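Asks: Sequence:
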Amino acid sequence: KKKNTSMGIEGLHPLLKPAIHRVNIKNAEFQGTTCAVDTSFLLHRGAYACAGKLAQNESTNKYVQYITRFVERLLDWNIKPIMVFDGSPLPAKRITNINRSDERERNRLRGQKALANGKTREAEQFFQKAIEITPDMVLNVIRTLRTMGIDVIVAPYEADAQLAYLNRAKIADYVITEDSDLVLFGCHHILFKLDDQGNGELFERTKFDLKKEFSLDNFERFRWMCILSGCDYLENINGIGLVKAKKIMSRTQVTNIELILKQLPQNLGKLNLRITDDYIKGFKRAHLAFLHQIVYDPIQRKQVPLNPLSDDVDYDQLKFAGQIDHTPLAFQHAIGNLNVKTKCIVDNFDPNQWKYRSSESSSSYTPAHLKSIWSKEYAVRSKPFSLTSTPINQQILSTPSPPRKIRPQTDSISISTSDALTSSAILNMYLPISNEKKIDITTNPSSSIEYHTSLIQSIEVVKRPLLFNQYDNDTCSRFFSSSTVTKTSIFDAINENENQNLTSNKEKFSSSNTNKKFKGSNTNNDNHNDDDDNNLSPSISQNSIDKLITPTKQNRFVLKRKSPNIEKQLSPTDNSNMKIFEQDAE
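Residues in the sequence shown are numbered consecutively from 1215, following the numbering used here.
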């Protein structure tokens, strides 16, 4: 077995990520909520700043100041805190407590030795590992919180079980802690890693899919998996962590935990492994500690088990989960008037003579669920607590974007004549591209602007002629793989005046575009120079343009990237003026 000197179940928090969401408790959805705070981890954090003084038994209140600042922030955010403290040592945790106490004492002695040798920084590190929360420290914090008007409750045993009970009984909407063990107690909402800005990670049990994440049928098997990997109540078997425990529990269909434990040597392939009866008993005790640990109900003002006892419960092992105290001392213990170790009365606090500080101080009316838990007028929240969380990988406090409107797909596209382009603009789409900025001829008030009013009747993908098959990977145009054009050409509206304006503008293009050319299949000049773009003559007639773009039975008007030997592959046609616009691969 391996000694467990760390807090909680090692490696559990990363496995909870699918059910954890990033939140900020300053948001409106947390306004007026109640949180149960694990004061134990706050005490340890606050004691880190004064670990040396505490180890030398010197007077300090830095740990008290740390907790009061934390509480004040919650009040500023309009959140009601219930501060929960550890109580008496749990019998099931006796071995773990002994191991941790021995480890603290060793670190304290190492720190004193380092301090004697003048190694101040090294001594401080040892003293931080030797921090022990004493009953006197707890009493100092409780008295300070009372003066602030803050609810305090001391658990009969472990604060973890008490926190879970407050959350499950709807007394607290969520729990603030750093201990992932609270998941095993059945908490519904747990807030981890809360910072000074209100950012934290919220665990929601409703989003914890055991079947999907762990291949487990129920929460009990998940609890068995965690106990098997090692917890505060039972040391793990050497070599078994969460990963291996998950495999064991997900692969077996056995429902009897004692039989599962006895089959571990075969399932692990370690025939020399011996599962003793003491380990099996310890496993059952740990399970009962998570399931039936004794807690305090502030409404009924009595101690109760975390979950109702079942008929098949082993009462002989149940005592390790704590014993119910039916005496009046149970109430004094809960309100913090009792020393949890000596069981002696150390204070005379009376909640009936105490002025509670409501988180809604600006309002004259305080809802019953926001009153003190020790008040006779207190009642749990009538409406279940719920909130909208954001995924952990999303930015906090970001304004959600409105949902995108997706247009329904249709088989046809309607084009309004009022939205039609000018014929010159359409022609510009298919002219060679120049590096110079094109001049918008539509801005010239002297030129006559004629808008294209012929509607496109159909656009469809058609099978190309065989002569283009080897260039199927090319793109025939910017928008379509291939197209058919109606008999009435879209360029029929181009008049001679527009051709002249277009030619005058084309002459202004840079002569550096030597790679882009306009070639004709029927021309008398065979020696083209690099400035062929400037040879667009205004003498091109309207009839030539019509022939240029109007398809015939033998061919179709196709815009192609320049391909080698393409002229050789073209079959002769009746239209001698058929021209092909080509553009370089650039």
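Hints are computed from structural coordinates only; laboratory data are not their basis. Be aware that a few hints might be false.
Claimed, not checked - Straight line, CA to CA, 20 Å or less: simulated EDC-like cross-link-like pairs of lysine to aspartate or glutamate:
#1 LYS1495 <-> GLU1434
#2 LYS1498 <-> ASP1530
#3 LYS1343 <-> GLU1392
#4 LYS1495 <-> ASP1526
#5 LYS1516 <-> ASP1539
#6 LYS1498 <-> GLU1418
#7 LYS1231 <-> ASP1423
#8 LYS1307 <-> GLU1346
#9 LYS1384 <-> ASP1491
#10 LYS1569 <-> ASP1290
#11 LYS1343 <-> GLU1224
#12 LYS1557 <-> ASP1350
#13 LYS1555 <-> ASP1539
#14 LYS1557 <-> ASP1528
#15 LYS1343 <-> ASP1316
#16 LYS1307 <-> GLU1319
#17 LYS1495 <-> ASP1539
#18 LYS1343 <-> GLU1272
#19 LYS1569 <-> GLU1272
#20 LYS1421 <-> ASP1539
#21 LYS1461 <-> ASP1492
#22 LYS1533 <-> ASP1492
#23 LYS1458 <-> ASP1431
#24 LYS1425 <-> GLU1392
#25 LYS1384 <-> GLU1418
#26 LYS1231 <-> GLU1392
#27 LYS1557 <-> GLU1346
#28 LYS1240 <-> GLU1427
#29 LYS1597 <-> GLU1243
Model, not experiment: these values are computed from the prediction.
Asks: All the hints need checking, so say for each whether the structure fits it.
Replies: Going through the hints against the structure:
1. LYS1495 <-> GLU1434: Given pair LYS1495, GLU1434 holds - Cα atoms ~17 Å apart, limit 20 Å.
2. LYS1498 <-> ASP1530: OK: LYS1498 and ASP1530 at ~11 Å, within 20 Å.
3. LYS1343 <-> GLU1392: holds, 17 Å
4. LYS1495 <-> ASP1526: holds, 15 Å
5. LYS1516 <-> ASP1539: holds, 8 Å
6. LYS1498 <-> GLU1418: violated, 27 Å
7. LYS1231 <-> ASP1423: Distance ~11 Å between LYS1231 and ASP1423 Cα, so the pair holds.
8. LYS1307 <-> GLU1346: Holds, at roughly 16 Å.
9. LYS1384 <-> ASP1491: violated, 39 Å
10. LYS1569 <-> ASP1290: Holds. LYS1569 to ASP1290 sits at ~19 Å (cutoff 20 Å).
11. LYS1343 <-> GLU1224: Given pair LYS1343, GLU1224 holds - Cα atoms ~18 Å apart, limit 20 Å.
12. LYS1557 <-> ASP1350: holds, 13 Å
13. LYS1555 <-> ASP1539: Holds, at roughly 15 Å.
14. LYS1557 <-> ASP1528: Not OK: LYS1557 and ASP1528 at ~28 Å, beyond 20 Å, violated.
15. LYS1343 <-> ASP1316: With a Cα-Cα distance of about 11 Å, the restraint between LYS1343 and ASP1316 holds, given a limit of 20 Å.
16. LYS1307 <-> GLU1319: holds, 18 Å
17. LYS1495 <-> ASP1539: Violated. LYS1495 to ASP1539 sits at ~25 Å, over the 20 Å cutoff.
18. LYS1343 <-> GLU1272: holds, 17 Å
19. LYS1569 <-> GLU1272: Violated, at about 33 Å.
20. LYS1421 <-> ASP1539: violated, 36 Å
21. LYS1461 <-> ASP1492: violated, 24 Å
22. LYS1533 <-> ASP1492: Answer holds: LYS1533 to ASP1492 is near 16 Å, not above 20 Å.
23. LYS1458 <-> ASP1431: It holds: about 18 Å lies between the C-alpha atoms, which stays within 20 Å.
24. LYS1425 <-> GLU1392: violated, 25 Å
25. LYS1384 <-> GLU1418: holds, 14 Å
26. LYS1231 <-> GLU1392: With Cα atoms ~14 Å apart, LYS1231 and GLU1392 stay inside 20 Å; holds.
27. LYS1557 <-> GLU1346: holds, 19 Å
28. LYS1240 <-> GLU1427: violated, 31 Å
29. LYS1597 <-> GLU1243: The given pair, whose Cα atoms are some 14 Å apart, holds under the 20 Å limit.
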